[in-house]
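Undergrad: Below, each chain spelled out in residue letters.
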Amino acid sequence: MALMDVHLQSAIQAIKEKYNAQEGQCGDEVSLLTAPEHIAEACRTLRDEFEFNFLSDETASDYWPEEEPRFHVVYQLYSHRHNLRLCLRVPLNGDYPSLPTIVDLYPNANWFEREIWDMFGIRFDGHPDLRRILMPYDWEGYPLRKDYPLGYEEPQFTFNYDEIYQHKHHPKYEEP
Amino acid sequence: MLQQTEVSLDELRHLVSDRAIEGETVLLNMGPQHPSTHGVLRLLLELDGETVINCIPDIGFLHTGVEKNMEAKTYEKAEVMTDRLDYLNTIGNNLVYCLAIEKLTGLDVPLRAQAIRVILTELQRIASHLVWLGTHALDLAAMSAFLYCFREREMILDIMEMCSGQRMMTTFFRPGGLWRDVPAEFELSVRRFLRIFPARIDQYETLLTKNPIFMDRTKKIGVISGEDAIRWGLTGPSLRGSGPNYDVRKAQPYSGYDQYEFDVPTGTHGDVYDRYRVRMEEMRQSVRIVQQALDKLPYGPVRSSNRKYVPPPRAELGTSMEALIHHFKLWTEGFSVPKGAVYIPVESPRGELGVYLESNGGPKPHRVHYRAPTFVHLQALPLLSKGHLVADLVAIIGSIDIVLGDADR
Amino acid sequence: MGIEQKLGNMGVATMKLEQAVNWARTNAMWPMLFGLACCAIEMMSAQASNYDLSRFGMELMRASPRQSDLMIVAGRVSRKMAPVLRRLYDQMPDPKWVIAMGDCASCGGVFNNYAILQGVDEVVPVDVYVAGCPPRPEALIHGVMTLHEKVRSEKLKNWA
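Residue numbers (numbering that gives the first Met the number 0), protein chains in the order written: chain R, 0 to 175; chain W, 0 to 408; chain D, 0 to 159.
Everything labelled a hint here was simulated from the structure, so no lab data went into it.
All values reported here derive from a predicted model rather than from experimental measurement.
A couple of the hints might just be wrong.
27 Å max Cα-Cα, derived DSSO-like pairs, lysine-lysine [unchecked claim]:
| hint | chain 1 | residue 1 | chain 2 | residue 2 |
| --- | --- | --- | --- | --- |
| 1 | W | Lys102 | W | Lys338 |
| 2 | D | Lys15 | D | Lys156 |
| 3 | D | Lys149 | D | Lys15 |
| 4 | D | Lys15 | D | Lys154 |
| 5 | W | Lys363 | W | Lys76 |
| 6 | W | Lys102 | R | Lys145 |
| 7 | W | Lys328 | W | Lys338 |
| 8 | W | Lys76 | R | Lys145 |
| 9 | R | Lys145 | W | Lys363 |
| 10 | W | Lys338 | R | Lys145 |
| 11 | W | Lys295 | W | Lys102 |
| 12 | R | Lys145 | W | Lys72 |
| 13 | W | Lys338 | W | Lys76 |
| 14 | R | Lys15 | W | Lys338 |
| 15 | W | Lys249 | W | Lys295 |
| 16 | W | Lys102 | W | Lys72 |
| 17 | W | Lys307 | W | Lys363 |
| 18 | W | Lys102 | W | Lys307 |
Please work from the sequences and hints to get the whole structure.
TA: Given below as structure tokens:
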């Protein structure tokens, strides 16, 4: 903690005061927990006042079967000028939560948020184009949730040969 | 089972301009299977004659579900899947995963392992740039460059095979260091490669750099300014071609990169030609780094001796009880990483490759997310290609160096 | 030095029509570019100068399915890509063969999950499976040679 940059300290302090964020720590990396309503303004403050002009990564994490919070959306911000990294986390409750988008601040958040919608089912209010990106257009379900099955195929040994053979998909293709 | 799902124009209405709806412009599908899209990328182009008005990339045709699959495997087993993400930078994917585990667990990495990691990562960077150069030149109809590049790449793949047994998906880096020490012929082979390679880069430059056809097809194409590039999240050579000097190896050095002297090339105009020049110069700088690392290569162990995470050598198993217990625990249950979350960026040949690793204290990762540079760069493709011809689009896609395994994970 | 020897030097050979047709098919089989993932890079290496596929007649990798006979499915096929794969297979004219290159195309490979087809034979009939992750270029060439043997033993009425 003593080695942390002065600029980073002041940025964290400002966000903590304005938006009542809590500080978490992992090793020498600091992450700020912010409420979902404040995330857009917090990012705006960080970008305009503290020059965190680059969004490295935006992803989510599912903590099922814990209900409160069920999801955490994690933002990694980077400042080119000061060479500093900062992590923001937003805890979300409920099965189909939503939070404001940061696409107008960082244009490259567009596809990150689409991927989170596709994989987790977290809605982003104000996103211009929220639709599935990695899965097929009509897929049902959100694959990266913990209650979604992996969908693996059982290896076919001799003792379960017949059962697996029944379930294996046999395509109907026409031979010439 | 294979019903064809048609996406009607209604769903894409907000993306295409009004002229497409009226029928003035053509909506063309540059489909998943196309020789110039470097993988399975689908582009929906809105064309006015030959000029691209808008280009909507559609990815997901190579979605492998690696992130979910890694949550079901232990840490060591999951590393095998990381190779197959960005399949041209396999060693780099391993490196970033091992760095994340080492940060969470506090494992030490011996100096010899760090130096060999640097050597292999830079060789992989050269190999990836060779594939980029070969396919990019092939798209712009310079076929001989393709054959030359793959000839050099075979030498690097031989070195990889000598160390790990596999040409591409090596899984050579493990948490704590390397899988095993490099053989005796390693240094000789690498030195032989370094002796001939700078002359080969000159050969490629002779073919392409001052070639009037190449310059016509690449200058002033796909221009993006420095500020726009940062706003759209570009990193790596695609960013440095426009000016900003951001290289993760210099900004947040890892694995001993601060000991080596190397320059980071930047361009000025931000067009396809500058990105090409940046990557060619990067290959020369990689040769420089490998030279220094090989000269300073220290002796010593290649893997940490922390038996909670690293299996003991087999010779010890006959004599020591603790070694046997550690071996048993590591093989049946796998090691457990303390609770926490970490984000580690490294410099891949495409840009900033990052891994976000979250652990809940168990033997399997809770969440592994790869920040893939290709995923981010493809978002900027509509901006880069507005107003250009379809043939220029091919050059632009080549210049941002996409690998769909990276984007779709 | 009679006229019979002259005729002999002009090189008239006799063989069954089947053999001739199969010989022609094997010596100029044009593969379709269907490289999806990592195996595609090894396929490109097999086409390049060290392990040359052109010596087996596969000089050109045709991008269009209408002009190719062989589809080398190189790489993992995801659920979104499967209809595209089937459509391209249907667009190829007869006779056509399929090589499933690599573990992911043969059986799903390392990835046993919701997103990857467990073997490309769920959608297209496969003639030769080449194992490896990714298979060496020499393994791919061995697969091609195996396919050539299979084609040489085919009957005309298979594709009639």
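Undergrad: It remains to establish, for every hint, whether it holds in the given structure.
TA: Here is what the structure says about each hint:
1. A distance of roughly 12 Å separates the Cα atoms of Lys102 (chain W) and Lys338 (chain W); the hinted pair therefore holds under the 27 Å criterion.
2. Of the pairs offered as hints, the one joining Lys15 (chain D) and Lys156 (chain D) holds, with about 14 Å between alpha carbons and a cut-off of 27 Å not exceeded.
3. Distance restraint check for Lys149 (chain D) and Lys15 (chain D): the Cα-Cα separation of roughly 17 Å lies within the 27 Å cut-off, and the hinted pair is therefore satisfied.
4. With a C-alpha separation of about 11 Å, the suggested pairing of Lys15 (chain D) with Lys154 (chain D) holds against the 27 Å cut-off.
5. Of the pairs offered as hints, the one joining Lys363 (chain W) and Lys76 (chain W) holds, with about 9 Å between alpha carbons and a cut-off of 27 Å not exceeded.
6. Only pairs whose Cα atoms come within 27 Å are accepted, and Lys102 (chain W) paired with Lys145 (chain R) is accepted, the gap being roughly 25 Å.
7. With a C-alpha separation of about 19 Å, the suggested pairing of Lys328 (chain W) with Lys338 (chain W) holds against the 27 Å cut-off.
8. Distance hint between Lys76 (chain W) and Lys145 (chain R) is fulfilled; the C-alpha atoms sit about 20 Å from each other, no more than 27 Å.
9. Taking the CA atoms of Lys145 (chain R) and Lys363 (chain W), the gap is near 13 Å; set against the 27 Å cutoff, the hint holds.
10. This hinted pair checks out: Lys338 (chain W) and Lys145 (chain R) have alpha carbons roughly 18 Å apart, not beyond 27 Å.
11. Under the criterion of a C-alpha separation no larger than 27 Å, the hint pairing Lys295 (chain W) with Lys102 (chain W) is consistent with the structure, at around 25 Å.
12. Straight-line distance between C-alpha atoms of Lys145 (chain R) and Lys72 (chain W) comes to about 14 Å, which keeps the hinted pair within the 27 Å bound.
13. Only pairs whose Cα atoms come within 27 Å are accepted, and Lys338 (chain W) paired with Lys76 (chain W) is accepted, the gap being roughly 19 Å.
14. In summary, the hint linking Lys15 (chain R) to Lys338 (chain W) is supported, as the alpha carbons are separated by about 24 Å, within the 27 Å threshold.
15. With a C-alpha separation of about 19 Å, the suggested pairing of Lys249 (chain W) with Lys295 (chain W) holds against the 27 Å cut-off.
16. Taking the CA atoms of Lys102 (chain W) and Lys72 (chain W), the gap is near 20 Å; set against the 27 Å cutoff, the hint holds.
17. For the hint pairing Lys307 (chain W) with Lys363 (chain W), the CA-to-CA distance comes to about 15 Å; that is within 27 Å, so the pair holds.
18. Only pairs whose Cα atoms come within 27 Å are accepted, and Lys102 (chain W) paired with Lys307 (chain W) is accepted, the gap being roughly 15 Å.
No hint from the list above goes unmet by this structure.
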